[in-house]
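Here is what each chain is made of, one letter per residue.
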Amino acid sequence: MKPIFVRGISNQFRLTLAIILSVILLVANHRLEPARQSLASALSPVQYLASFPGALLDWSSESFATRNMLALQNKELLRQQLLMSERLQRFEHLRQENERLRALLGSPAYQDSRKMVAEVLEVASDPSHHYVVLNLGARSGVFVGQPVVDAQGVVGQVVQISEMTSRVLLLSDVSHGLPVRITRNDVRLIANGTGENDEIELRHVAKSIDIRVGDLLVTSGLGNRFPEGYPVARVMEVLTEDGQSYARVTAQPLAALDRIRYLLLIWPSPDSGVTLPNQILVPAADHLQEAPKGETPEPAAEPANPPTSEENR
Amino acid sequence: MSLQAANGRLIVWLTLFIGLLSQIMPLPAVVEAWRPDWLLMVVMYWSIALPHRYNILTAWVLGLALDILLGATLGVRSLAMSLVIYIAILHCQRLRNFPKWQQTLVVTLLICLYHLVVYWVEFVMDEAKFNTDLFLPAISGLVIWPWIFWILRRVRRHYKVR
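Taken in order, these protein sequences are the chains called A and B. Residue numbering for the first sequence follows the numbering used here, starting at 1 and increasing by one per position. Residue numbering for the second sequence follows the numbering used here, starting at 314 and increasing by one per position.
No wet-lab data here; the hints were simulated from the structure. In this text, a Cβ means the ideal position worked out from N, Cα and C, and glycines have one as well. One thing to keep in mind: the hints can contain errors.
[To be verified] Just a sample of chain A residues kept apart from chain B, beta carbon distances all over 12 Å, derived:
(1) 30
(2) 222
(3) 241
(4) 245
[Said to hold, decoys possible] Pair by pair, the computed Cβ-Cβ distance ranges are:
(5) A:59 with B:403: 45 to 53 Å
(6) A:9 with B:409: 36 to 44 Å
(7) A:244 with B:452: 34 to 42 Å
(8) B:444 with A:152: 41 to 49 Å
(9) A:229 with B:463: 51 to 59 Å
(10) A:244 with B:403: 46 to 54 Å
(11) A:116 with B:415: 51 to 59 Å
(12) A:213 with B:452: 34 to 42 Å
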């Protein structure tokens, strides 16, 4: 039965309560990270469940593909593989040469970093926030601040983790900044997201800086978060207006941010200058010598906050 | 019937859960911006139909769950949702008796308000950019609300949720 008189507390009181609770949450938001992490862990089954229909669709399109389509795809993949392996051979040669040259110069050699493929569970449905949720979390050793790339270039970095999932802030988000350099002349810049999927901007570029349309931007490794040398974006437009003190430079991310499905999580190698959570303030050279004595260069499963850098304002 | 055991509580929460799932389901980028606010509309239906059982605090809890799942600042959607549901409950008698088109119009306006509040709070918290894409879900909501209303009313009558 519907009561004729509303019993209990009034709607005004409920609204006031809801508003007060919301405001408390909003104000205390930065202190609530641990609570959020455990709540997100508790709710991650919902995320898995929500990605199920999409996964089912993928699965059915794969299993009901015609023989022709598969043959075509196979052919294309074989062709690509041939091209790639040829490039890989050249790359291997270059790598060895580079190592020799670095050895001659006495600088530390690059080491291979550990990588893991992750699948996208959820894409932020909110135009002002660019996030994706991955199916790997703290249990797989993912840590806050971890670089994420795809086949073409840098995608973003991990900003929140739960036990089974992690959230990646895309480099197109307005709050994301990334130290980059131009491959042509090593000019250092910072690339900021604009909130558009296919556009990032370079701020505070002096008009006299040598930057041209078509320049390739790669990570500079200066923020101590991304390893050096991953491709980020290509410069699309350089506008110099008389009234402005800086040039307006926009670039297009190389990674296809609007259709990502599989991503690579990177555990930077300990001597690449990137600060891992469990080795903050350990100089690279010392760390190399100490490495065999129990302290593994692998990132710890539990996240520690990496030192703040410009990358995540 | 077991679904009627707790006066249909189970079936109501099932519809709310489905609403939550559809809200966070990954969609292709083309239709992403048009995703209707499933959860808000389902909560709105139940609070219009049964304001003494599903009210502002239900909306608050679901808004919080949505905030956590979307990784947004905690409290943004719970605030917006409780505000909108409060207005819906204030006018629940009128909304129930409105002709379909008028009801749909009011619901669309409420959805717009919800997005405005979300935008406004995010603007205060961390300078969000205003984008007219904000209102696309209201347009798709305009199309979908009559169907949600129809389906949920059938559910309510079938399981005799009161």
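- Item | Verdict for residue 229 of chain A, residue 463 of chain B (Cβ pair) under range 51 to 59 Å | Since residue 229 of chain A and residue 463 of chain B have Cβ atoms about 57 Å apart, the given range 51 to 59 Å holds.
- Starting from the hint 46 to 54 Å, judge whether the C-beta atoms of residue 244 of chain A and residue 403 of chain B obey it. For residue 244 of chain A and residue 403 of chain B the Cβ distance comes to about 50 Å; the hint holds.
- Task: Over 12 Å to the closest beta carbon of chain B is the bar; see if residue 245 of chain A clears it.
- Result: Given a closest Cβ separation of 22 Å, the condition holds.
- Query: Is the Cβ of residue 222 of chain A farther than 12 Å from every Cβ of chain B?
  - Reply: holds, 24 Å
- Item | 51 to 59 Å as the expected CB spacing between residue 415 of chain B and residue 116 of chain A, which holds or is violated | Because 54 Å falls inside the window, the suggested range holds.
- Message: Taking 34 to 42 Å as the stated bounds, is the beta-carbon spacing between residue 213 of chain A and residue 452 of chain B within them?
- Response: holds, 37 Å
- Message: A range of 41 to 49 Å was offered for this pair. Does it hold for the Cβ distance of residue 444 of chain B and residue 152 of chain A?
- Response: Violated - the Cβ-Cβ distance for residue 444 of chain B and residue 152 of chain A, about 26 Å, lies outside 41 to 49 Å.
- Message: Confirm or reject: residue 241 of chain A is not an interface residue toward chain B, with every Cβ-Cβ distance exceeding 12 Å.
- Response: At roughly 22 Å from the nearest Cβ of chain B, residue 241 of chain A sits farther out than 12 Å, so the non-interface label holds.
- Does 36 to 44 Å hold as the CB distance between residue 9 of chain A and residue 409 of chain B, or does it fail? Once the Cβ atoms are compared, 23 Å apart, the range 36 to 44 Å for residue 409 of chain B and residue 9 of chain A is violated.
- Query: Should the hint that residue 59 of chain A and residue 403 of chain B are 45 to 53 Å apart at their CB atoms be regarded as holding?
  - Reply: Because 47 Å falls inside the window, the suggested range holds.
- Item | residue 30 of chain A remote from chain B - nearest C-beta pair above 12 Å | violated, 10 Å
- Message: Is 34 to 42 Å respected by the C-beta to C-beta distance linking residue 244 of chain A and residue 452 of chain B?
- Response: holds, 37 Å
Consistency note: the structure conflicts with the earlier hints numbered 1, 6 and 8.
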